[in-house]
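Asker: Listed below are the residues making up each chain.
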Amino acid sequence: MTLAARALSFGYPGREVGHGLDLDLAAAEVLCVLGPNGAGKTTLMRTLLGLIPALGGQVLESGRDLARLSRQAVARALSYVPQASQGPFDFTLLELAEMGRTAHLGAFAKPGRKDREIARSALERLGIGGLAERPIGAVSGGERQLALIARALASEARLLVMDEPTAGLDFGNQSRVLEEIARLKAGGLSVLLCSHDPDHAFLVADRVLLLESGRVLAQGVTAEILGDENLSRLYGVRVHVTEVDTPAGRRRVCVPALTAGGGSSPVATGRFMN
Amino acid sequence: MLITRSRLPFALAAGLVALALLVALSLALGSFPVAPRDVANALWSVFAGGDGGVGDRARSVVLEIRGPRVVAALFVGAALGTAGAAYQNVFRNPLVSPDILGVSSGCALGAIVGILAGLPAAAMQGLAFAGGLAAVGLVLAVGSWVRGHDRVLTLVLTGVVVGSLFSAGVAFAKTVADPYNQLPAITFWLLGSLGGALPADLAFAVPLMLLGMVPLALLRWRVNLLALPDDEARALGVDVPRLRFWVIAAATLSTSAAVAIAGVIGWIGLVVPHAARMLTGPGFARVLPISALLGAGFLLLVDTLCRTAVAGELPPGVVTAIVGTPAFIALLAASSRRTP
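The listed protein sequences derive, respectively, from chains A and B. For the first sequence, my numbering assigns the number 1 to the initial residue and increments by one for each residue that follows. For the second sequence, my numbering assigns the number 1001 to the initial residue and increments by one for each residue that follows.
Derived by calculation from the structure, the hints in this document are not laboratory data. Accuracy of the hints is not assured; some may be wrong.
Partner residues aside, some chain B positions facing chain A, computed with beta carbon under 8 Å [what the hints assert, rightly or not]: (1) Pro-1094; (2) Leu-1218; (3) Arg-1234; (4) Ala-1235; (5) Gly-1283.
From the structure, some residues in chain A lie toward chain B, with a derived Cβ separation under 7 Å [to be verified]: (6) Leu-51; (7) Gly-87; (8) Ala-103; (9) Ser-232; (10) Tyr-235.
Ranges of calculated distance between the beta carbons of each label pair, as one might list FRET restraints [stated by the list, open to error]: (11) A/Ala-138 <-> B/Ala-1014: 22 to 32 Å; (12) A/Gln-72 <-> B/Ala-1117: 41 to 51 Å; (13) A/Ser-85 <-> B/Ala-1200: 43 to 53 Å; (14) A/Arg-233 <-> B/Leu-1008: 54 to 64 Å; (15) A/Asp-22 <-> B/Ala-1334: 35 to 45 Å; (16) B/Arg-1007 <-> A/Ser-85: 45 to 55 Å; (17) A/Ser-140 <-> B/Ala-1014: 32 to 42 Å; (18) B/Leu-1165 <-> A/Glu-179: 54 to 64 Å; (19) A/Gln-58 <-> B/Arg-1007: 24 to 34 Å; (20) B/Asp-1178 <-> A/Ser-85: 53 to 63 Å; (21) B/Ala-1014 <-> A/Pro-247: 57 to 67 Å; (22) A/Ser-85 <-> B/Leu-1008: 20 to 30 Å; (23) A/Gly-129 <-> B/Leu-1008: 18 to 28 Å; (24) A/Ala-26 <-> B/Leu-1210: 47 to 57 Å.
Every residue, glycine too, gets a C-beta built ideally from N, C-alpha and C.
Isolated chain A (complex conformation) (with noise of 0.2 Å):
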């Protein structure tokens, strides 16, 4: 399963927001877009899943261009996990992860057991089994997100388009978000997701596509796109990266360069850079 833009144009009619993209994603992949507020990430999110047509060129699924497939089967292929939004109705986290089943059911049909199955072990899955029968609005914010993912995995797409998964979560549900991603893609899933912070796609992404305003300023493998230049060109603020020790190994971190100084004391900077 992959999925591949070709010579892509995105946008609204009589809005071109972005030109003659190229981009692709592997199977067991997981590629970071990242890019300013207003770069495009999101139009071109709903355009590789199907939500708006393409202006030109062609997004492929497997080879399959997608504007040719039916909304059910781009669905079984493709599956979206938006930010998570507070709705007017308060489904448990069964019924919301029931509703990955809808691509797999006709019309007039409810899900059955097997369906049931499948939706609790994506909950189980992400570990919010223990949650299943409560109302999405009774829960945290991280574990609404989870719940998304959970409903997205339900439908057995193999491919996931994530959109800012980590936004509006505290630091730790950030890395539970993260830390499941990673572990998706363990599992054999690819993953695209958007972010507004790099160093998430340090922590995830084994590719990186940046973008700006519409524009493709460079993808290719996180470690060797993310640097200082095309981070602080992508920002328009000077950018730094570095690298610190964890338990988990040597990472990579970013941080930007204050010019007005201030609230990080030098004592502070030696103890991270240790």
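Model the placement of chain B on the given structure of chain A, informed by the hints.
Answerer: Only chain B this time, still in chain A's reference frame:
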């Protein structure tokens, strides 16, 4: 949550038993009381033939006067309750209902045009449906045109505005109506009444209400997905515009059939699905049948009260409004506490 997935069959069975008792009570009570045993015998005689050993008068009261009225109350209540539940899912808002969205006024205007033109029942029904669809279409069109505001607020306000536009049409129709024949009919009918439901009208409207409710029952699980943001539902594999169209068409059809035989009876479409959701949680597959039962029971209870509690007869719309207004205010307060 009182009615979980596994308890739904028991809840439905218990609800049907309660409804049957209520039907029996309603058939027995009134200015000419009929003993429960005679009610049972009269009903039995419909199947068994003969007069069931009941006096002609009691038999005709039960079968010809109260019977059609009870059937009308059951179906109109169920139709309005289920239509309200469907609209609330489609508009992703537990505070909408056929009357708030202007659908009822649209149906009313359509039906009144039918009365004015002296059209037969079928044409009047068609006009009621067209009026309801026009109202909900207008609300949706304005709602999607005026973006960037609170979506829910826009829809509710647009519904109120569209509703008042159609009400103005109704008022105009009254001024041009023949004051001796048409005007009393229109006025009486606008108040909402189940007393005028003749078996011939029922034979026409009941199938239409069923025609609206059956698709909702078939789609009962999929309708849940309309409560999600459009992108999410589409990404899950739903053809959202098509599903939304069919659900709105079905709900509007049963609303218009209900309005065509009973006039404008407000509040049921708002309060009943809400009460159902309190019992079952948000899953539409449970909300729908419970809304049908509660709607049928509530309107039958209200109508029975309306014709037995006072010497004359109260319009049921008055009673549902007395119950519905405080219920709506309570809902509004509860939901404003929930959303920051």
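Asker: All hints are to be evaluated individually against the structure, with a verdict given for each.
Answerer: Right, here's what the structure says about each hint:
Hint status for B/Pro-1094 relative to chain A: holds, with the closest Cβ pair at about 6 Å, below 8 Å. Residue-level restraint check for B/Leu-1218 holds (minimum Cβ-Cβ distance to chain A is 4 Å; threshold 8 Å). At a threshold of 8 Å, the smallest CB-CB gap from B/Arg-1234 to chain A is about 6 Å, leaving the interface hint in force. Below 8 Å, beta-carbon pairs count as interface contacts, and B/Ala-1235 has one with chain A at about 4 Å; its hint therefore holds.
Interface restraint check: B/Gly-1283 against chain A, minimum CB-CB distance 6 Å, threshold 8 Å, status holds. The beta carbon of A/Leu-51 comes within 5 Å of a beta carbon in chain B, closer than 7 Å, and the hint placing it at the interface holds. Annotation: interface hint on A/Gly-87 holds; nearest CB of chain B at approximately 6 Å, less than 7 Å. For A/Ala-103, the shortest C-beta to C-beta distance to chain B is roughly 3 Å, which falls under 7 Å, so the interface hint holds.
The interface hint given for A/Ser-232 is violated, since its Cβ lies 33 Å from the closest Cβ of chain B, which is over the 7 Å cut-off. Given hint, A/Tyr-235 at the interface with chain B, is violated; its Cβ is 27 Å from that chain's nearest Cβ, farther than 7 Å. The supplied range of 22 to 32 Å is met by A/Ala-138 and B/Ala-1014, whose beta-carbon atoms lie about 28 Å from each other. Taken as a hint, the range 41 to 51 Å holds for the pair A/Gln-72 and B/Ala-1117, whose Cβ atoms sit roughly 46 Å apart.
Checked against the hint of 43 to 53 Å, the pair A/Ser-85 and B/Ala-1200 passes, with Cβ atoms roughly 51 Å apart. Look at A/Arg-233 against B/Leu-1008: about 59 Å separates their beta carbons, and that is inside 54 to 64 Å. The hinted range of 35 to 45 Å is not satisfied by A/Asp-22 and B/Ala-1334, whose Cβ atoms lie roughly 51 Å apart. A hinted range of 45 to 55 Å is violated for the C-beta pair B/Arg-1007 and A/Ser-85, which are about 30 Å apart.
Checked against the given bound of 32 to 42 Å, the beta carbons of A/Ser-140 and B/Ala-1014, roughly 37 Å apart, stay inside it. At about 55 Å, the beta-carbon gap between B/Leu-1165 and A/Glu-179 stays in the expected band of 54 to 64 Å. The given range of 24 to 34 Å is broken by A/Gln-58 and B/Arg-1007, whose C-beta atoms sit roughly 50 Å from each other. In this structure, B/Asp-1178 and A/Ser-85 meet the distance hint of 53 to 63 Å, their C-beta atoms being roughly 55 Å apart.
In this structure, B/Ala-1014 and A/Pro-247 meet the distance hint of 57 to 67 Å, their C-beta atoms being roughly 59 Å apart. Under the hint 20 to 30 Å, the C-beta atoms of A/Ser-85 and B/Leu-1008, about 29 Å apart, fit the expected range. The beta-carbon spacing between A/Gly-129 and B/Leu-1008, approximately 23 Å, falls within the hinted interval of 18 to 28 Å. In this structure the supplied range 47 to 57 Å holds for A/Ala-26 paired with B/Leu-1210, their Cβ-Cβ distance being about 53 Å.
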